[in-house]
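Asker: Residue-level listing of the chains:
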Amino acid sequence: EPEVTQTPSHQVTQMGQEVILRCVPISNHLYFYWYRQILGQKVEFLVSFYNNEISEKSEIFDDQFSVERPDGSNFTLKIRSTKLEDSAMYFCASSEGWTSGGYNEQFFGPGTRLTVL
Amino acid sequence: AQSVTQLGSHVSVSEGALVLLRCNYSSSVPPYLFWYVQYPNQGLQLLLKYTTGATLVKGINGFEAEFKKSETSFHLTKPSAHMSDAAEYFCAVSVSGANNLFFGTGTRLTVIP
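Top to bottom, those sequences are chains W and D. Quick note: the first sequence uses the working numbering, first residue 1, plus one each step. Quick note: the second sequence uses the working numbering, first residue 1001, plus one each step.
Here chain D stands alone, though its shape is the one from the complex (with noise of 0.2 Å):
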């Protein structure tokens, strides 16, 4: 079975620091890694994915994640804030063939000006 812990249900930085989000995950087999980003009032919009190959993935808005297998971790990170990246944050897992996707509870993410 397959499960994700994000540490933090709130997160704040200021403007121009750097964001870090924790996912460690959970499963028994090679897992697909997801980070979506939920603004105010909208859909849950995928923000980038690790499927295979390389660990290091990029995603919009220059958000990146490293999927380190060794400590089952999927962190998502930014070198600097911007305001517009407050939102809530979700990372997700699923495996080859299946129809649903594992959420962890979610990260809120506060920027200071």
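Chain W extracted, bound-state conformation (with noise of 0.2 Å):
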């Protein structure tokens, strides 16, 4: 069964280094997602991606992140300079697009987790 996959699934880095987090999205899926989940809160919605460009994006995704679709099969979320309230899991999603029902089923890799010191 087709699944979403991220890379690494744990990663360490100090502060103020860049860091870039890899998802391999469903292969026929158009729409990409990035959540992140700080240890003991919400799972949070960070930014969706489609066409190549920004669709939505929360407050949390500021101008220290980025995303990137950068061949036909990676999905990149960076951080520029990481600080260490970004210690978190990052969860990579994707779906195929609207149903007629009206909502659009997002499919999760297993997360990267991210520890800044």
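Be careful, since some hints might not be right.
[What the hints assert, rightly or not] On the chain W side, residues computed to face chain D include the following (Cβ under 10 Å):
1. 5
2. 35
3. 48
4. 69
5. 92
6. 93
7. 103
8. 111
9. 115
[Stated by the list, open to error] Beta-carbon label-pair distances, calculated as ranges:
10. 7(W) with 1066(D): 19 to 29 Å
11. 85(W) with 1005(D): 18 to 28 Å
12. 74(W) with 1080(D): 19 to 29 Å
13. 1080(D) with 16(W): 49 to 59 Å
14. 1010(D) with 18(W): 33 to 43 Å
15. 20(W) with 1061(D): 31 to 41 Å
16. 1068(D) with 97(W): 28 to 38 Å
[Said to hold, decoys possible] Pairs of lysine-lysine residues, derived as DSSO-like cross-links and limited to a Cα-Cα distance of at most 30 Å, are as follows:
17. 78(W) with 42(W)
18. 42(W) with 1068(D)
19. 57(W) with 78(W)
20. 1069(D) with 1058(D)
21. 1049(D) with 1078(D)
22. 57(W) with 1049(D)
23. 1049(D) with 42(W)
24. 57(W) with 1078(D)
25. 1049(D) with 1069(D)
26. 1078(D) with 1058(D)
27. 83(W) with 57(W)
28. 1068(D) with 1078(D)
29. 42(W) with 1078(D)
30. 1058(D) with 42(W)
31. 42(W) with 1069(D)
Derived by calculation from the structure, the hints in this document are not laboratory data. Each residue gets a CB set at the ideal place from its N, CA and C atoms; glycine is no exception.
Using the hints, put the two chains back together into the complex; each one sits in its own frame.
Answerer: Here it is as structure tokens:
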């Protein structure tokens, strides 16, 4: 069964360093997402991406964050200068698109745990 | 705006006992409601969803949930817990045309042999 994959599973970095989290969405999907979960808190939406551009982003997704689909398979989240508060589990998701029922089922990867020291 | 509250960050049940995981939502428009499950080292897997129609929805692994508009609830139940049900469960809400899901904080279910 097709699945979303993410690498690495755990990333440790020093504050101020750049990190790139990688995701391979399901191959025929058109919409891509990043969410994050700070330990003990809600899973929060960061950004959605469609047709090679950001379609929606949350307040969390500031200028330190960027997303890219550099080729036909990968979808990346870059944090330019990490802060301690960026430590979280980052989930990638993808979806095929809107169903006739009006909802957009998202399939999630296993997450990357980012630890900023 | 939408939001979700999950009561109880940890729930323990005995094997064979009823599982009840609580979820209340807030939405200014008719919601779409979801339960996701996360097993260790795996992604969030859709357990079941409510979009329109029948308010009692059945999902995988014997789970079901009932949408109660008057109570703004979407509690997850399973009549008899199995050891393999031990996982983290997330309730989420969305609305028609929206890109993003709003999640609760999750409930970790432990099943005691």
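Asker: All hints are to be evaluated individually against the structure, with a verdict given for each.
Answerer: To see whether the hints hold, each was checked on the structure:
no. : hint                           : result
1   : 5                              : 9 Å, holds
2   : 35                             : 8 Å, holds
3   : 48                             : 4 Å, holds
4   : 69                             : 16 Å, violated
5   : 92                             : 9 Å, holds
6   : 93                             : 8 Å, holds
7   : 103                            : 5 Å, holds
8   : 111                            : 7 Å, holds
9   : 115                            : 16 Å, violated
10  : 7(W) with 1066(D): 19 to 29 Å  : 39 Å, violated
11  : 85(W) with 1005(D): 18 to 28 Å : 23 Å, holds
12  : 74(W) with 1080(D): 19 to 29 Å : 42 Å, violated
13  : 1080(D) with 16(W): 49 to 59 Å : 52 Å, holds
14  : 1010(D) with 18(W): 33 to 43 Å : 36 Å, holds
15  : 20(W) with 1061(D): 31 to 41 Å : 35 Å, holds
16  : 1068(D) with 97(W): 28 to 38 Å : 30 Å, holds
17  : 78(W) with 42(W)               : 21 Å, holds
18  : 42(W) with 1068(D)             : 23 Å, holds
19  : 57(W) with 78(W)               : 14 Å, holds
20  : 1069(D) with 1058(D)           : 17 Å, holds
21  : 1049(D) with 1078(D)           : 15 Å, holds
22  : 57(W) with 1049(D)             : 24 Å, holds
23  : 1049(D) with 42(W)             : 19 Å, holds
24  : 57(W) with 1078(D)             : 36 Å, violated
25  : 1049(D) with 1069(D)           : 15 Å, holds
26  : 1078(D) with 1058(D)           : 10 Å, holds
27  : 83(W) with 57(W)               : 19 Å, holds
28  : 1068(D) with 1078(D)           : 17 Å, holds
29  : 42(W) with 1078(D)             : 24 Å, holds
30  : 1058(D) with 42(W)             : 25 Å, holds
31  : 42(W) with 1069(D)             : 23 Å, holds
Consistency note: the structure conflicts with the earlier hints numbered 4, 9, 10, 12, 24.
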